[in-house]
Structures are given as C-alpha cells and as structure tokens.
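*Asks:* One letter stands for each residue in the lines below.
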Amino acid sequence: MRYLTDRKRAVGKGASGTGTEHHRYMQVSAVGLALIVPTFLYIFGHALGNDYATVQATFARPIPAILTGLVLVFGLKHFNAGFQMMIEDYARGTARKASVIFMTAFTYALMATGLFALAKLAL
Amino acid sequence: MAEKSKGVERPLSPFMIGPYYRPQLTSMSSILTRITGNALIVSTLLVVWWLFAAATSESYFNFANAILTSFVGDVVMTLSALGIWYHFLAGLRHLYFDAGHGMDIPTAEKLGWACIIGSVVLTILTIVIV
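The listed protein sequences derive, respectively, from chains P and A.
In terms of our numbering, the first sequence has 102 at position 102, counting the first letter as 1, and numbering is strictly consecutive.
In terms of our numbering, the second sequence has 37 at position 37, counting the first letter as 1, and numbering is strictly consecutive.
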C-alpha cells in the first residue's frame, strides 16, 4: 500500500523523472576527477613516448594502474552525462534519443577496452 | 488536442546568442567548457588505443606510440592538455557558481579570465614537467 499520493511522489522529479540526480552526479564526479586527473596527467605524460618495457612496468605498478582505471571509468561516465546534457539542449525527438543511446554504448565500449588493456598490463 | 497532435515548434538552444545576446566573456567561457569537455573524447579514444596497443604487442605499441608522439600527435596532445586544464578550471568555477558565489558581473568576468589564462599557464607547466 502506498502512503503517498501520486502528486506528492512526482514533486521534485521534474521532466527527467529523476530530479536533481544528473546534476548531482556531475558535481560529485567533477570533484572526484579534479582530485585524480592532475596525477594521471603526470603518470600518462611520463609514460607516453617511453619504450615498451617502461610503459609495461609503469602500468604494472598499483598507483598508476588504479588511477588510470578510475580516470577511465569516471572520466567516461562524466563525459557521457555531459554529452547527454549537450544533446538535450541542441537536439530533439529521435535524433536526441538515438545519439544519447549511441554515445552511452560507445562510452561503455571504450571503457571496457581501456580496462581490458589495463588489466592485461597490470597483471 | 488539435495543437498537441500537430506538435509545437519550440525554439532549440542556442537561439539566444547572436540575435538577442551579444557574445560575452561569461557566456563564451561557459560554452567553451562544453566544447572542451566533449572534444576530450578524441583524446580519450587515442589514449585508450595507445593503452590497448601496449597490452597487445611491442610492434603495435611502437606504432601507436609513434603516432601519438609525431608532430600531429604532439599538437593533438598539447591541445588535449589545454582542453583538460580549461575544463578543469571552468568546472571548478561551475561548482563555485553552483554554491552561490561569484555571480556578480565583475567577479564572474575575472573568473572567466582566470580560466582562460590559468589553462594556458597550466598547459605550459604540464609541457615543462612532463
């Protein structure tokens, strides 16, 4: 049995149906990324252009591997949510729905590829 | 009902900039956040490809590494660093605005310049350190 009225359950959810969840996610992931991205840039910048053995050794160490994994997962999730915002501003109807779905799938494919590579390098 | 079945043609963003609003530092530095954030998918794609190549074989890694450190690769990676730092600073500014601070015009304009100049400075620092 539901104790809330239909109206009360809808209040604060807005057109998206999820209220401020999307915006909140962007804020939380932004803070998290702001903390790890500078270190990731340092690690990646030093690995890029180095020889094969050095790169393998770099990503076999725990901190570079963990940080790169975090940047991949949350950077791409943050990207996907931001992309959705852009599409919702500039497109509508089928184009909007299709591009959001396509980019979500593409984002997860990229994430899986990166994590596979990282696992292979790290283990 | 008749109106609903026909559909209402509402304006789609960005219809205000140009005919109604002249470009300003605040609006331009805001749109640049979106542009840099979305453009960074290109950098991400290249980095994931480079990692994938490193996990595949030495010859494939050498190929990907040579592309990313070629002249074009250097240009793309430098622009990526600039994009990351701009998005980083503008994102922090966005959080500051969200918290209800810095909304008066002189402060907002100063913060806009801080993002632009700061991102260039941080990119140069990145190139020097890395």
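These aren't lab readings, by the way, just hints derived from the structure by calculation.
Treat each hint with caution, since some may be false.
As the list claims (entries may be wrong) - Looking from chain P toward chain A, a few residues come up when the C-beta cut is under 10 Å (computed):
hint, residue
1, LEU4
2, GLY12
3, GLY82
4, ASP89
5, MET111
We treat Cβ as the ideally placed atom computed from N, Cα and C, and that holds for glycine.
*Asks:* The structure should be examined with respect to each hint, and the outcome stated for every one.
*Replies:* Each hint tested on the structure:
At about 29 Å, the closest approach between the beta carbon of LEU4(P) and any beta carbon in chain A exceeds 10 Å, and the interface hint on this residue is violated. For GLY12(P), the interface hint is violated, since its Cβ never comes within 10 Å of a Cβ in chain A; the closest pair sits about 18 Å apart. The beta carbon of GLY82(P) comes within 5 Å of a beta carbon in chain A, closer than 10 Å, and the hint placing it at the interface holds. A distance limit of 10 Å between C-beta atoms decides the matter here; for ASP89(P) the minimum to chain A is near 4 Å, and the interface restraint holds.
The criterion of a C-beta within 10 Å of any C-beta in chain A is met by MET111(P), whose closest approach is roughly 8 Å, and the hint holds.
Of the numbered hints given earlier, the model fails hints 1, 2; all others are met.
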